[in-house]
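2 protein chains.
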Amino acid sequence: MFVSEIGEFGLIERLKAIIERSDETVNVGIGDDAAVVTYNRPVVMTTDAMVQGVHFREDLIDAFSTGYKAIAASVSDIACMGARPMHALVTLAIAKDTLVEFVVSLYEGMRQACDDFGVTVVGGDVVSTTGPLLVSVTATGELLGEKPLLRSGAKPGDLVFVTGDLGGSAAYLHLMEHQSTAILAPEDVAVLQERHQRPLAQVRMGELLAHFEGCTSTNDISDGLASELHEIASASDVSILIEAYRIKTLPALRHYARLAHVDALSFALYGGEDYQIVGTVRPNRSGALLAMCELQGIQVTLIGRIEDASPCVEMMRDGRRIELKKGGYDHFS
Amino acid sequence: MFVSEIGEFGLIERLKAIIERSDETVNVGIGDDAAVVTYNRPVVMTTDAMVQGVHFREDLIDAFSTGYKAIAASVSDIACMGARPMHALVTLAIAKDTLVEFVVSLYEGMRQACDDFGVTVVGGDVVSTTGPLLVSVTATGELLGEKPLLRSGAKPGDLVFVTGDLGGSAAYLHLMEHQSTAILAPEDVAVLQERHQRPLAQVRMGELLAHFEGCTSTNDISDGLASELHEIASASDVSILIEAYRIKTLPALRHYARLAHVDALSFALYGGEDYQIVGTVRPNRSGALLAMCELQGIQVTLIGRIEDASPCVEMMRDGRRIELKKGGYDHFS
Chain F
0 MFVSEIGEFG LIERLKAIIE RSDETVNVGI GDDAAVVTYN RPVVMTTDAM VQGVHFREDL
60 IDAFSTGYKA IAASVSDIAC MGARPMHALV TLAIAKDTLV EFVVSLYEGM RQACDDFGVT
120 VVGGDVVSTT GPLLVSVTAT GELLGEKPLL RSGAKPGDLV FVTGDLGGSA AYLHLMEHQS
180 TAILAPEDVA VLQERHQRPL AQVRMGELLA HFEGCTSTND ISDGLASELH EIASASDVSI
240 LIEAYRIKTL PALRHYARLA HVDALSFALY GGEDYQIVGT VRPNRSGALL AMCELQGIQV
300 TLIGRIEDAS PCVEMMRDGR RIELKKGGYD HFS
Chain C
0 MFVSEIGEFG LIERLKAIIE RSDETVNVGI GDDAAVVTYN RPVVMTTDAM VQGVHFREDL
60 IDAFSTGYKA IAASVSDIAC MGARPMHALV TLAIAKDTLV EFVVSLYEGM RQACDDFGVT
120 VVGGDVVSTT GPLLVSVTAT GELLGEKPLL RSGAKPGDLV FVTGDLGGSA AYLHLMEHQS
180 TAILAPEDVA VLQERHQRPL AQVRMGELLA HFEGCTSTND ISDGLASELH EIASASDVSI
240 LIEAYRIKTL PALRHYARLA HVDALSFALY GGEDYQIVGT VRPNRSGALL AMCELQGIQV
300 TLIGRIEDAS PCVEMMRDGR RIELKKGGYD HFS
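As they're listed, the protein sequences go chains F and C. FYI, in numbering that gives the first Met the number 0 the residues of the first sequence are 0 to 332. FYI, in numbering that gives the first Met the number 0 the residues of the second sequence are 0 to 332.
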């Protein structure tokens, strides 16, 4: 059934039933001119849009996962500021001949992400467009520590850390676009697909860092490690040196890279959509950071250090020091 | 020059310079993963999207006014909850061949609205699309009174009030779509155009109502008076009776309606985009409401009353009681 058959108000009723969540911080939820929510601390807010054919390909990601990722992307930005993600508003622009099932599945994916990350959708807007589907998520959260974690606090001598493994999402995209999945073991395909379709925003790590003494900067990895490091270098007015062999990638990614004759590291450096947190820590606090993450079951790796030089990002690889370009996606170039 | 020639980051720098505003409630503004703002009271939040060709026609409204209206529409939702609008996030989806000048003018309009309504844009997302331009504004504000003003509090016996005059925006659209502007005096055209292009969100009225004892419900008029009254009737489980002769329209609108042989009242009832506030007040407080608005220079009119019956909206006109359909725009029908 097309959305045109049930109409705007019929559609909104369906979506409301999927996305509404019990949440004691919500005084007024979906249904009035605006929502009313309770905050006891400074409010952290961000918005992030995804357009079909630009940010995702309908044939490579299903509606459920698209919804999941849309929430995860905004939540990730909140978490890496040292804040607890709490509420979201969703704008959806779709064509009149979109299937109701598709939209329902999209919202079911959003609901799953909301449950996983502890976020409640309190409102939104559903509009028609003659163009490709667009989903835009505004997320808000509560600042946890005294100050937010910014990109701008890195100092020479600080060490660079990153959570989890990188490049899996990009490797899956590359596989689907350039190869047959038959070249890779099914379990490897499944692992990469999981990275692409169900990225885990680092909510717990954001909470821990907010209260951790000695974390000097953070950035979430949406555009690839190189691009995010450039943002820290530029905002902090420092240079960054990382070591290639320290960057964690999945075995499945390395298997694929070998079979497809591509550089495994390029997925980590320039792929994006990992939604891990990269940041810097004072050197005398790096042991405490590792111990805390170990205790909490969060994978974290030290991959480099901050140097006192004009903003740039370099990488040691096979004994050579090479400069990393910013990379990342430019929407208009 | 096309946006593709200056690239995403070049464009964002230009837009940031236009939209950034000094605001002591903003701890972290545009430029990091998220913004950080200070709230001392519950947070009111809403989002509203406009799509070219659906919500506006490029040939009938310029970029500046489109930006102005996008901010006004979201701010209006915040104000009518009894809250002070404070911050906004803007999502913009545009084609690569959009002119930089167009986008700059759009943001200059947003900036003007922000200055007029006391709102600061603290972040956003600019993405490319192959479809029509979409601008989505999330606005947040601080609740002023003890409780928000909802659609659901109207009680039998309450009187219905509405601010300003209605239908001017819709009349301008009708004029531009169906007639030559030559049929109307230039000063009348200018007045209607102003209503269409620079709607004034009722920020001051929202503040006053928040602290006014006896306002039982509110709704902002984005979809036409009839549709908004239906929402109050439905949410409050009451029926509403209004009197046609009490509804305020502009002389320019009436001149146009007479010349174009259309019913002047239909613009007020079914036009929309007035961004006035319609609401209900306890009968023993209606005099105080009128006095307060008189003192503050805000035009307000009592147009009807709440009755104890199943939700519906009726209007007395020329001695006859007629039922008003909901009307309003359905995006998917």
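None of these hints come from the bench; they were simulated from the model. Be a bit skeptical, because a hint or two may be false.
As the list claims (entries may be wrong) - Listed below are several chain C residues computed to face chain F (Cβ distance under 8 Å; list not exhaustive):
hint, residue
1, Val2
2, Phe8
3, Val27
4, Val43
5, Met44
6, Ala48
7, Met80
8, Pro131
9, Glu145
10, Pro147
11, Leu172
12, His173
13, Met175
Unchecked claim - To be clear about the criterion: a stretch of chain F counts as covered by chain C if any three or more of its residues have a C-beta under 8 Å from a C-beta of chain C, and this derived list gives those stretches:
hint, stretch
14, 21-32
15, 57-69
16, 119-127
17, 280-294
18, 304-311
Remember, it's a predicted structure, so these values are computed and weren't measured experimentally. Where is the CB? At the ideal position from N, CA and C, for every residue including glycine.
Consistency of the hints with the structure:
no. : hint    : result
1   : Val2    : holds (5 Å)
2   : Phe8    : holds (7 Å)
3   : Val27   : holds (6 Å)
4   : Val43   : holds (5 Å)
5   : Met44   : holds (5 Å)
6   : Ala48   : holds (5 Å)
7   : Met80   : holds (5 Å)
8   : Pro131  : holds (5 Å)
9   : Glu145  : violated (11 Å)
10  : Pro147  : holds (5 Å)
11  : Leu172  : violated (18 Å)
12  : His173  : violated (21 Å)
13  : Met175  : violated (21 Å)
14  : 21-32   : holds (count 5)
15  : 57-69   : violated (count 0)
16  : 119-127 : holds (count 7)
17  : 280-294 : violated (count 0)
18  : 304-311 : violated (count 0)
In the structure shown, a violation is registered for the earlier hints numbered 9, 11, 12, 13, 15, 17 and 18, in ascending order.
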